[in-house]
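Student: Given next are the chains, with one letter for each unit.
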Amino acid sequence: MADKHPRTEADRSLSKFYQRWLRWYPTSFRDAYGPGMVQMFNERYDEARAGAHGRVITFVVREFWSVVITALLQRAAATAQDVRYTFRSLRNNPGFTTVAVLTLALGIGANTAIFSVVNGVLLRPLPYQDPDRLIRIFEIEPRGGWWFTFSPPNFMSLRDEATLLDDVAAYRETSVTLIGEGDPERLTALRVSTGFFELLGTPLQLGRSFLPEEELAGAAPVVVLSHGVWQRRFGADRDVIGRTIILSDVPRTVVGVAPPTLRFGPDTPELWLPQEFSVRDVSLRGRHNLRVLGRLRPGVELDVAGQELEAIALALAEAYPETNAGWRWVAAPMHREIVGGARTPLLMLLGAVGLVLLVACANVANLSLARAESRGREMAVRAAIGAGRTRLLKQLLTESIVLAILGGVVGFGLAVVGTEVLLASIGSQLPRATEVDISWPVLLFTMAVTLLAGILVGLIPATQGIRVDLLSALKEGGLKGLNGLGRRRLRGALVIAEVALSLILVVGAGLLLNSFWRLANVGAGFNQEGVLTARVSLPTSKYETQQERAAFFAGLVDEIQRMPAVEAAAAIEGVPLSWFHGTVVTLPGRPDENYPVQRRHLTPEYFRAMGIPLLAGRDVRETDGADAPRVIVVNETLARRIFPSANAVGMHIAWDGPTQAEDLEIVGVVGDVRAFGLDTEVEPTMYLPNPQIQTPESMAIVIRTAATSPLSLVPDVRQAVWRLDPDLPLYEVATMEQITTDSLASQRSWLLLLSIFAGVALLLAAVGIYGVLSYTVSQRTHELGIRLAIGAGKPNVLGLVTRQGMTLVVVGVALGTAGALALSRVLSGLLYEVSANDPTTFAAVVAFIFAVALPACYLPARRAANVDPMEALRYE
Amino acid sequence: MSESRNPEEFLPLSDLSFHVLLALGAGPSHGYAVGKEIELRSGGRLSPATGSLYQALRRLHRDGLIEESERPRRIAVVDARRQYFQLTPFGRRVFAAEVRRLEALLAAAREMKLVPA
Chain A
1 MADKHPRTEA DRSLSKFYQR WLRWYPTSFR DAYGPGMVQM FNERYDEARA
51 GAHGRVITFV VREFWSVVIT ALLQRAAATA QDVRYTFRSL RNNPGFTTVA
101 VLTLALGIGA NTAIFSVVNG VLLRPLPYQD PDRLIRIFEI EPRGGWWFTF
151 SPPNFMSLRD EATLLDDVAA YRETSVTLIG EGDPERLTAL RVSTGFFELL
201 GTPLQLGRSF LPEEELAGAA PVVVLSHGVW QRRFGADRDV IGRTIILSDV
251 PRTVVGVAPP TLRFGPDTPE LWLPQEFSVR DVSLRGRHNL RVLGRLRPGV
301 ELDVAGQELE AIALALAEAY PETNAGWRWV AAPMHREIVG GARTPLLMLL
351 GAVGLVLLVA CANVANLSLA RAESRGREMA VRAAIGAGRT RLLKQLLTES
401 IVLAILGGVV GFGLAVVGTE VLLASIGSQL PRATEVDISW PVLLFTMAVT
451 LLAGILVGLI PATQGIRVDL LSALKEGGLK GLNGLGRRRL RGALVIAEVA
501 LSLILVVGAG LLLNSFWRLA NVGAGFNQEG VLTARVSLPT SKYETQQERA
551 AFFAGLVDEI QRMPAVEAAA AIEGVPLSWF HGTVVTLPGR PDENYPVQRR
601 HLTPEYFRAM GIPLLAGRDV RETDGADAPR VIVVNETLAR RIFPSANAVG
651 MHIAWDGPTQ AEDLEIVGVV GDVRAFGLDT EVEPTMYLPN PQIQTPESMA
701 IVIRTAATSP LSLVPDVRQA VWRLDPDLPL YEVATMEQIT TDSLASQRSW
751 LLLLSIFAGV ALLLAAVGIY GVLSYTVSQR THELGIRLAI GAGKPNVLGL
801 VTRQGMTLVV VGVALGTAGA LALSRVLSGL LYEVSANDPT TFAAVVAFIF
851 AVALPACYLP ARRAANVDPM EALRYE
Chain B
1 MSESRNPEEF LPLSDLSFHV LLALGAGPSH GYAVGKEIEL RSGGRLSPAT
51 GSLYQALRRL HRDGLIEESE RPRRIAVVDA RRQYFQLTPF GRRVFAAEVR
101 RLEALLAAAR EMKLVPA
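Chains as they are written, first to last, in the working numbering: chain A, 1 to 876; chain B, 1 to 117.
Just so you know, the hints here were simulated from the structure itself, not pulled from any lab data.
Incorrect hints may appear among the rest.
As the list claims (entries may be wrong) - Pair by pair, the computed Cβ-Cβ distance ranges are:
{"#": "1", "chain 1": "B", "residue 1": "P116", "chain 2": "A", "residue 2": "A10", "range": "50 to 56 Å"}
{"#": "2", "chain 1": "A", "residue 1": "I455", "chain 2": "B", "residue 2": "E68", "range": "37 to 43 Å"}
{"#": "3", "chain 1": "B", "residue 1": "E9", "chain 2": "A", "residue 2": "P94", "range": "29 to 35 Å"}
{"#": "4", "chain 1": "B", "residue 1": "P116", "chain 2": "A", "residue 2": "P35", "range": "45 to 51 Å"}
{"#": "5", "chain 1": "B", "residue 1": "L105", "chain 2": "A", "residue 2": "L459", "range": "51 to 57 Å"}
{"#": "6", "chain 1": "B", "residue 1": "E68", "chain 2": "A", "residue 2": "L459", "range": "34 to 40 Å"}
{"#": "7", "chain 1": "A", "residue 1": "L452", "chain 2": "B", "residue 2": "L105", "range": "52 to 58 Å"}
For every residue, glycine included, the Cβ atom is placed at its ideal position computed from N, Cα and C.
Pulled out of the complex, with its shape left as it was, chain B reads as follows (with noise of 0.2 Å):
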């Protein structure tokens, strides 16, 4: 996969597929795990049904931004079934660029004092 695609052409991430490379970045994930760290760093906002969330990581999947990865092996329990995913060095800089846009525009309403400093 070329590394020479511009990360910026997938900005703006939907609510979801943030979510979802955020709750990957501490590392690879599966399924449910994942739909849990959502639901819970949402505050219970998202609450992806299966199919949502695998239309979202299909979405990902495809695009490149997150990959399957062999079950890691600091995860005791084997089951066979289980399907995990982990970012992509592509989908980190995608994550990272979307990041600084928000940044930008958070430093943007603190500047007009729209939000406390």
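In isolation and in its complexed conformation, chain A is listed as follows (with noise of 0.2 Å):
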């Protein structure tokens, strides 16, 4: 064939390119067909480059495509035959199968289950329009740091004045009371200010949001519903703009309807009222009670907006130093501020799980080298007829990857119903528990956790299988011999890998279970046992005075008192663990010296009733009245705060009261009791009487009763509330030990899922090492047996063996040990009083996976030892 046109430098790359290019087909496909096609393909490009410059072009395109493309086909064609090869081998050995698929369904359906919440609860943004241009704006008070909520007069100044952000909204919870569609109900509600429904970027489904007139005081009332409300009382009647409700005694039109899918705080609220500012809410700069949200200006960073919030605060804190001095502002992001204290306990859990699936792979891994060494034989023959060694590879891979897969199918069942459970179980403690669902996140999660699953337990075997003699292998009909050395190392190896992990795991639930058992036993300050609480709560319009609610309470506890199995009653605007009400007070004479205290109003018995000791002086009584001087009675914190030296009673302080300064006289001294949580410190408090200076208008009525079961008062306590006022619900109803226990729920809850999963991988691991001896006594029988013959007695055997295993435990707990001490400080923010290294816990749980672990080796032991020398000598 005359050559037209030389090959040039060019066209001479080009072919070397074609042939590296081969590449992509099966080693075996290359090295039978390669040549044949690189000179095919040279021979057809010189007749191309013999015609249209264009032609080369596509030629050259073609030609390159349709390799890629057949080799692709070819290669997807081995692996189907890979494929169908390993479920046959999986299908002979239906016992590997079972477990090694259900081990691995464990270890992913966990991931799976603990992502699944992660994505909802941390990853996924917040159900608004660009949820990260949204932030929480707070108040920072001057002496202790605290971040505080906004006065109405500041958020106006805010709202007013940052040209940064495009609004600001302000907030505020609340309850009011639905009469006369129905039986009474108390109903969350949440009143918002103009513009609300807007900066979250939710349209509502019905009708219309809140007019800027309808924030004050005065205007026409308005509601709007949220569609479970709408959906539950108004049988989702399309009509029901317009309509006029009672809520807590006042007539409100609704004006609109909430979509769904509005969800807002970790309760999203029944109802949502304006905020109806009063003149003197307008006025109260120092009176901080609303939450504030604010959206960034497009292009406007975080930190720019800050500095602006920054110089309002300041210009403020100029122009009204009584109340404004020292107080500055700060922004914070949303989300963070929705999430953030989820964060640390869900990480730990994924990294825990992430440990547990490490365990199940090793102890899959285990087994498959047991498997490997039955199949030496088949091994053999493969490679003899020509498989090559990446061959062999590839089907050991694939092998461990459709375990995988299949494991990660069951276990994506198994995460479904255990999301579930988890929800149900801690739902309660976590921020945005209601959009925690399977979605593409997670599915895509599962599926790379099941790959690298797959190749985990495939590649530590293949590392072994692969180097087969195969002389030896055909004969022996297994893989005994030369490599055996190597796999027992290797499956030793992995064994103590599984007693390392789990060691982890078990330390960290050891952990969590020292803190809880501290936190449990904390003395919360009262008794806790036979005491009944509940809520009464007075629409302001039909108790207007002070007088009025003063009156009401002290009656209701009265009827209470009356009746049989009450021992003592009283009502307090919030009982412990669960109520904050902070404000400051003076020593008289001293305005400089501020102290940040709780305040609480009450009535008498109140500390008869929860069973906090009187260590001084008197309790309030009815004697102080609304006209007798003021007194208050005092916390011991307080107590030895301010008066260090002093008996405290007698004593006076100053407080700048809801009216007036008030100088206030210490009449008692009672015990401490934790205000908020379990752990947290001690406030000082002061205990102020109804009648004078204030009475809330809601309070929680404290009932001690020797009666067995305290809930079985409710009735009774209902019916006295009603014969005071028939259209007051009690709410909020339970016992101080249920209020007690809860809150300990969210320690209760980690502490039981860390829990689990230790025990899985420490279940495992046991698994693991019964395997291995169990396994490596058999391999042994015959010299087992011969040791048994020539004298050795059993206890000497038993000791073999069981020498062996805990050899591999004390090595993995070793490994573990320093493993946890690095790793626990993960965990120091959720332990209370219990050092992240502390000893006994390490020492406890060390002896725990011995105790585990003995039996795991003993077994085989036993078998061992129990070998029948006579039997064993004839075995091989």
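Reconstruct the complex from the two isolated chains, following the hints.
Tutor: In structure tokens, the structure reads:
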């Protein structure tokens, strides 16, 4: 064939490139047909060169593309063959397959379940428009540095002056009573300023949101219903707009209905009300009761907006020194504010299930190794007929990936159930728990984890399974001898790894358990047994004056005290572990020294009802009436802090009260009570009698009873309330025992979960030890028989095998302890009065691990010792 | 290779496979020549790229319808890299079976007057 166009350097390069391009094909194909293909390509290329230039490019593209496609098809066909083979192999080994699949399913399922929670709570953006532009804004109180809510006038200044924010909105939780549409019902509500819904970017499904004029008291009262309430109480009636409903004695017109997708806060409110700032609200710059949201202007960064906020706060401090001096403003991303507290425990759980997966993979890898030994002959035959090393490796990897996929499918099913169970148990502790579901990121995660597991499980045994000594394998029918030692070492190493990893998990669970036990036994300061509590809220429209409210509560307590089985009863604005009401007091004549304290308004006999000891002086009495001198009872911490050297009884403190400055005389000192949580500090607290200074609109009734079940009193208490006012519902009914237990709920949940994972890992590790030792015993039956025959007693053989097992455990424990010491600091945020390296916990855990490992070693050892020497000698 | 296999199992042949067997019918040939022959016979309809052709060759090779042949002596050009293929006896039988099948179909079509006799 005459060559009209001589080949250039470029042509030769292309040819070489084509040859390299053939790497797309499997090696076997390349070896068989490569040279022929290159030759054909060259000849066709020459032909194409002779034609139009454009034709050459088309030709080259087509050629290279055809290689890729046909190569991929071939590889796919080979893989399909491997997969078919794998299925056959697995079907012939149902025991191995079941155990391996279930073990992997456990690991993959646990990971998926936890990740679905992590995804819903931490990773998913908040369900609002452009949620990363939303911020929470706080006022920082100058003395304690606490982050406070806003006062209404400050909020309005913020709204007027902030230029770098698109909009701001204020909200405040409250609750109202719905009457007239069935039983009176207490509904949660959120008072929001104008533009709240627009700021979030969720339009209402019916009607309109609030108008600016409705933000002020005196406007016609309106309400927006939540989707839930609209369905439940109003039958999803589309004509509900314009209807009037009575909420806490105020007739309100329904102007809108929120969509079901609007979620806000841990419990989305059932009703939305406008702020209704009164003239008084607008004048009280010092009364902080509004939470504030903002939206950053497009293009404005948080720190820049933060600087503007600081400047505005400074200007206000100068303009209004009595209320604003020293107060600063700060903004934080809304997402972090909501989920921040859950980040550490969730990530800890994610790490824990990761470790469980590693243990599961190690277990399955061990099983595969054991199986590989019996498949030695099969491997040898395949090698003999020409399957290359890579091909065998691919076959092993295919098997492990198929196992992993089966495990992944089962695990995914487990995860779907597991996530439900998870949410049922810890859902109340988690922010955004309602947004957790199985969605695309979770599916992708499952697939990634499955793939990882498959590769891990396949690679480890694969490194051993390939070096096949054909001759010896064919002769002995198994992979003994040459690779035996290497394989045994690898199996031992895997067991050590499993022990180490499970130790880390058990240490974590142990630390949490220790912490939890301490927390549960911390003195709460009151006697929680036999105490019932419930809340009553008085609508201000009906009980306008403080006198009316004080009279109601005094009357109610009186009624209840007359009930049989009631030992003591009282009312207080908030029970321990659940209420925050802070203020600041000073000493008379020393206005510069400020003491932040908690304040609680109450009726007499509260301390007796709650079981709080009276340490000095007296309780408040009925004679501490509206016209009597102002008195208070304080707790130990306040007495110690403000009057360290003197007896606090008889001393005076000064307080800037709601209407005027007050001079308060301390008449009694009581024991400390934890106000917020069992793991928080005790706050100095002052207790004020109801008729004086102020009576709250809503109070908790506290009843001490000798009855075995305090809740049995509830119907009678309800009747007592209704005798005084038939329109008042009783809500937040609970026993103090429940409240105390619930306050520990989140710690209990994390502890439970981590313990489950640790338990699973430890169980897998124990099974792994048992498996390895069993196998070794069966391999060494001949040798053990000889030992027994020549007179080594059973204890000798027992000791031999047990020692072998315990050596693995000891090494694993040593490695695991080192790892745990390094990793446990992750938990320090969750521990109460327990150091992350607490020696007692570590020692207990190590002992526990040995206790679990011992039977796993002993059982195979006992089997070994009971080997019949004659049988054993005949074996082989 | 046992000859007890039934040629019918390989029917119908794919378009490309048929043409490959046809092209090899005259005698041993190499990839490039087979490709040109196919292009000619199909009137330009089939113009397989190297990869596609070799995929077909491999399948036929694996199924035992063709085999590699020594460089046929009658071709003077010595080219170490050319890979020559030829029909196996079994391959001939399969090809013949396919032709018979097509002839039967053609006869049926003629019988129904769908094509001129």
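Student: Does each hint fit the structure? Answer for all of them.
Tutor: Hints versus structure:
1. P116/B x A10/A: 50 to 56 Å: holds, 53 Å
2. I455/A x E68/B: 37 to 43 Å: holds, 38 Å
3. E9/B x P94/A: 29 to 35 Å: Between E9/B and P94/A, where Cβ atoms are some 34 Å apart, the hint holds.
4. P116/B x P35/A: 45 to 51 Å: Since P116/B and P35/A have Cβ atoms about 48 Å apart, the given range 45 to 51 Å holds.
5. L105/B x L459/A: 51 to 57 Å: Hint holds: Cβ distance 54 Å, inside 51 to 57 Å.
6. E68/B x L459/A: 34 to 40 Å: holds, 37 Å
7. L452/A x L105/B: 52 to 58 Å: Since L452/A and L105/B have Cβ atoms about 54 Å apart, the given range 52 to 58 Å holds.
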